[in-house]
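Colleague: The primary structure of each chain is shown beneath.
2 protein chains.
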Amino acid sequence: MIWCRFQRGETIGYGRVVDDEVIEVEGSPVTAPDYNPKETGTTYALGEVRLLAPIIPPMLYAAGPNHRGHVEGMARRRGAEPNYPKFPEPNFRSVHAIIGAEANIVVPADSTGAVQPEGQLAVVLGKHARKVSSRDEALDCVFGYTIGNDISERVWQGGDRTMFRGKNCDTFKPLGPWIVTGLPYDGFRIIVRHNGEVWEDFTSAEQIWDVPTWIMELSKYTTLHPGDVLWMGTQGADGDMFPGDTIEVEISGIGTLRNYIVAE
Amino acid sequence: MIWCRFQRGETIGYGRVVDDEVIEVEGSPVTAPDYNPKETGTTYALGEVRLLAPIIPPMLYAAGPNHRGHVEGMARRRGAEPNYPKFPEPNFRSVHAIIGAEANIVVPADSTGAVQPEGQLAVVLGKHARKVSSRDEALDCVFGYTIGNDISERVWQGGDRTMFRGKNCDTFKPLGPWIVTGLPYDGFRIIVRHNGEVWEDFTSAEQIWDVPTWIMELSKYTTLHPGDVLWMGTQGADGDMFPGDTIEVEISGIGTLRNYIVAE
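Chains as they are written, first to last, in numbering that gives the first Met the number 0: chain A, 0 to 263; chain B, 0 to 263.
The hints are simulated quantities; they were obtained by calculation from the structure and are not laboratory data.
Hints may be right or wrong, so weigh each one.
Copies of the same chain look alike in the list, so a pair counts if it works inside one copy or between any two.
Using 20 Å as the maximum straight-line C-alpha spacing, the simulated EDC-like pairs for lysine to aspartate or glutamate come out as follows [claimed, not checked]:
| # | residue 1 | residue 2 |
| --- | --- | --- |
| 1 | K219 | D159 |
| 2 | K37 | E196 |
| 3 | K130 | D109 |
| 4 | K37 | E101 |
| 5 | K126 | D169 |
| 6 | K130 | E71 |
| 7 | K85 | D159 |
| 8 | K219 | D139 |
| 9 | K126 | D33 |
| 10 | K126 | D139 |
| 11 | K130 | D169 |
| 12 | K85 | D109 |
| 13 | K219 | E263 |
| 14 | K85 | E20 |
| 15 | K219 | D109 |
Generate the whole structure from the sequences, applying the supplied hints.
Modeller: Laid out in C-alpha cells, this is it:
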C-alpha cells in the first residue's frame, strides 16, 4: 500500500494512494491500530492535493557511511585514506529540516556553494521495540519505505565541529513522496539524477550493513518508536548543485523524490 | 510560574505547581495561546502525582563545549591541548533518552563504567522563529528554564564515530523536575552533587556564549519551534558514577533534578 500526508487549503491530512486518487484517512497509519486508520469517506484526485513529507518522525536517524563507495569518495575529497566504519552507529538529523517532494531546497546566503545530494533509502519504523534479537523481529518493526535526500554543505560538513549547518539547515532533508509498505528490504535500486543526468545508480545490496542489522544495533541502546525514520546511507560523493537545478532520487518500487534548488 | 508534566495512574497530565499543589491544565502550556492553558478544575497534592520530564521536545539541542572549564577538563582527560569552539554550533540528543526527576539512569550492561554527569541549564523555547536578529527578540522566544543532566559514557564518547551510545542510551537524558518561567537568563548557579558531595559549582555567567547568542545563532540556519529545548553546557569533567549512586543537579530558582544510577 502507498500512504501519503497531504495539504489541501489550510488542512493537513493523511491518505492511501490508489491509482490517481487519495483516499483520506483519520491520522497517520503508523500509529493506527494494525496500521489501519479509518477512512473519512472523502477521496481527492492526486492532482488536487500537495504532497507533504509523509511523516515527521520523533527521531530521524542517519546511517552515515553505509556504502563503501561513499566512504571512498569522501576520503578522495579530503585526500585521505578511506576510514570504513567499524560498527553501525547512527547520527541524528533535524526533523525541522524535513520537506516533501516538489518543495524547494534553499541554499543559505552564506553557503560556500558546495551543496550536494545524497539519495538514500528511508526506513519507517512502526513499533516500539528494544533489544531486537533476530532479523525477523527487526523486519517486523518496519512499517514501510520511502526516499530521503541528505542534502549536505560539504565545506561546513568537513570544517565544523558538528554537522548542524552542514546537514541540517531548513529544507536540507527532503523526504517522500510517500511511504510504500510490503516491499522486500533488500531489493532496491537507487538512482540520483541532477538536471536529468544520472549521478548515482546503486542498489541496497551494496550497503555495508543492511536494514535488519541496523534495527538490531540501534535497539541495543535505544527504544525504537513508531514513526522513527532511519536513512540507510548513499553510495557516491557527487557534484555541487546550484540555484535553478533540479535534483531527483528514484527508488524502485517507491517512486521519485524531486526537489528544486533555490537561493535564499 | 512553575509548570509540570505528571503521571497519575495511567493518565499523563500537565499542571501549574503552586506550593504543594498541582493545578491541572489542558495540555502543554508551551503550545497554549498566550502560554495560558485552560484549567481542568482538578487539583492534586504534589505528593499524589509522579513528575515526568516536563516536556518531550521536537528537537533537543546540546551546546556541548560552552564552558571553558569543560573544554579544559575533557582535554586533560585525552592528554591534549584544549580546543575551544570557534562559534556556537549545537549537537542533537535523542528525545527517546529523556527521563524525569527521581527516575533511574540505567548503565548498559556492556558499558566500560565511565558514566559521568553533566549538569546543565535547559532553555525551553516557546515560539516559531527564524533569523532572530536581536537579543531582546531572542529572549522573547524563551518560554522558561529547567534542568538537564547530559549523562555521558566517556569511553564511548571518545572512541566512537558518533555520540549515539556515548550520550543517547535510553535514560541518559534526565530533564526536570519542572519548567520555571519569568527568570533572568544570566543569573543561574548550577551545583552537581554526587551522593551528596559537591562535584561542580558554577554559574551561567561562565558560559562562553549566553542564551540569547545561542538562540540567534541557531535561528540563522533552522527554524525554532515551540517546545524545542537547548542545553547550555556544563563546567566540569567529573568522576564516574556506579549503580547505587545518587546524582543531583540543583539550579537556583528552578529546583533539583535527582536521579539514581542502576545497573541494566
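Colleague: Check the structure against each numbered hint from earlier and tell me which ones fail, lowest number first.
Modeller: Violated hints: 2, 4, 6 and 14; rest satisfied.
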